[in-house]
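First to last, the protein sequences are chains H and B. Residue numbers for the first sequence follow our numbering, so the first one is 1 and each next one is one higher. Residue numbers for the second sequence follow our numbering, so the first one is 1 and each next one is one higher.
Do not rely on the hints blindly, as some may be mistaken.
[As the list claims (entries may be wrong)] Pairs of lysine-lysine residues, derived as DSS-like cross-links and limited to a Cα-Cα distance of at most 25 Å, are as follows:
#, chain 1, residue 1, chain 2, residue 2
1, H, 31, B, 78
2, H, 57, B, 101
3, H, 31, B, 49
4, B, 71, B, 58
5, B, 61, B, 49
6, B, 49, B, 78
7, H, 57, H, 17
8, B, 69, B, 101
9, B, 58, B, 78
No lab work stands behind these hints, which were simulated from the structure alone.
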Amino acid sequence: EADIYQTPRYLVIGTGKKITLECSQTMGHDKMYWYQQDPGMELHLIHYSYGVNSTEKGDLSSESTVSRIRTEHFPLTLESARPSHTSQYLCASSELTAGGGTDTQYFGPGTRLTVL
Amino acid sequence: AQSVSQHNHHVILSEAASLELGCNYSYGGTVNLFWYVQYPGQHLQLLLKYFSGDPLVKGIKGFEAEFIKSKFSFNLRKPSVQWSDTAEYFCAVNGNFGNEKLTFGTGTRLTIIP
Chain H
1 EADIYQTPRY
11 LVIGTGKKIT
21 LECSQTMGHD
31 KMYWYQQDPG
41 MELHLIHYSY
51 GVNSTEKGDL
61 SSESTVSRIR
71 TEHFPLTLES
81 ARPSHTSQYL
91 CASSELTAGG
101 GTDTQYFGPG
111 TRLTVL
Chain B
1 AQSVSQHNHH
11 VILSEAASLE
21 LGCNYSYGGT
31 VNLFWYVQYP
41 GQHLQLLLKY
51 FSGDPLVKGI
61 KGFEAEFIKS
71 KFSFNLRKPS
81 VQWSDTAEYF
91 CAVNGNFGNE
101 KLTFGTGTRL
111 TIIP
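Same shape as in the complex, but just chain B (with noise of 0.2 Å):
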């Protein structure tokens, strides 16, 4: 079964600090990654996605994440964050057959101290 795991229950930064958090998963087959972002009181919102291709993806807000295949990471890294990035952020990942189910990962709390 496929599972993902992100080691950084909860991160606090000051602004401008870079960022970067943690998700590996684990999957027998071709995968498709998801970064998504909670803010407080709002919808699950997709942040970035890998399909195919380059793996290094940019997303919205100034956020990026690299697939590394063998080391089965997707981590998402902001050069410079900025309050209105806490938030709380999730890795999802499911199989390359359109079908297939999402799995999140528990969840990256990011508090920016101003």
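Next comes chain H alone, as it looks inside the complex (with noise of 0.2 Å):
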């Protein structure tokens, strides 16, 4: 069972507030992902950090950011929310198998936004 945890698990929030979405997990792994998504569709990669002082941006758009100062936290800010950040999101984590190979993500409960 992965260890990984979001926090608020729901959050209603009106047009112009700045909020922090929590990811933090227990399992030492170097790698956290943040991705998007809406009902029915894909998730999209929006920020990723392959270790503590590292954030790259993902494949969608966000004006959100990233902070990566302790390994097993990773949050994400959204400075001043509005309407069209209406969204689930979802962070994962991942190591790098023996021998250099790929990665298995384990994700987290996701945080579901809705901006007023």
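Assembling the complex is the task here: the two chains are given apart, and the hints tell you how they should meet.
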């Protein structure tokens, strides 16, 4: 069972508010990811990190920002929330398999964000 | 750029029916393939994965998938579904170089009628 946590699970907030979505993992994984998922659509990678002090933008442009000050923690921040940010945000983590192969990603439960 | 197609958006089956969910990918290199499942109200969970070796991969809960390189496919199968298999199923792919990002399909919603 993967140990990756996201809070809050649900958030309803007004336009213009600053919000931070929390993601923590206790597996010691170096790699962490944020995905955005709308109903009936694929997951889109918006941010990822290969380790402490490493952050990269993903395939889908996002107005959010992330930080990685500690291995286990990868928060996502929206400085000024807008209705277009309404979506589900999924956090994931992974490590390289032995021999330098690819990685299996483990997902958190997600945060469903609604911006009014 | 890599892409994943899941042609079945919503599949409805009766219990004990056989299941096959399609997944085709586009990628110009050696790939790793995954099926994830999301049960109602739960996390995305890994169902099975293919990295190399035997193209027929067995996963949890009686699921299996077959990698057919010539068809760029990785279809998910189960011989006899149960009501508890009701969930959303996502196929995903990345390149076999360790740091390549995972690309997901749009998902297939599976509804099993008791």
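Taking only the CA atoms, is the gap from residue 71 of chain B to residue 58 of chain B under or equal to 25 Å? Between residue 71 of chain B and residue 58 of chain B the Cα gap is close to 20 Å, so the pair holds against 25 Å.
Given the hinted pair residue 69 of chain B and residue 101 of chain B, is their Cα-Cα distance within 25 Å? holds (20 Å)
Are residue 57 of chain H and residue 17 of chain H close enough, with their CA atoms no more than 25 Å apart? Holds, at roughly 22 Å.
CA of residue 58 of chain B to CA of residue 78 of chain B, is that 25 Å or under? OK: residue 58 of chain B and residue 78 of chain B at ~10 Å, within 25 Å.
CA of residue 31 of chain H to CA of residue 78 of chain B, is that 25 Å or under? Roughly 32 Å between the alpha carbons, so the hint for residue 31 of chain H and residue 78 of chain B is violated.
Given the hinted pair residue 49 of chain B and residue 78 of chain B, is their Cα-Cα distance within 25 Å? holds (15 Å)
Quick one, are residue 57 of chain H and residue 101 of chain B close enough, alpha carbons at most 25 Å? The hint holds at about 11 Å.
Take the C-alpha atoms of residue 31 of chain H and residue 49 of chain B, compute the straight-line distance between them, and say whether it is at most 25 Å. Since the Cα atoms of residue 31 of chain H and residue 49 of chain B sit roughly 19 Å apart, the hinted pair holds (cutoff 25 Å).
Hinted pair residue 61 of chain B and residue 49 of chain B, Cα distance within 25 Å: Distance of about 14 Å is within 25 Å: holds.
The structure is inconsistent with hint 1 alone, although it conforms to all the rest.
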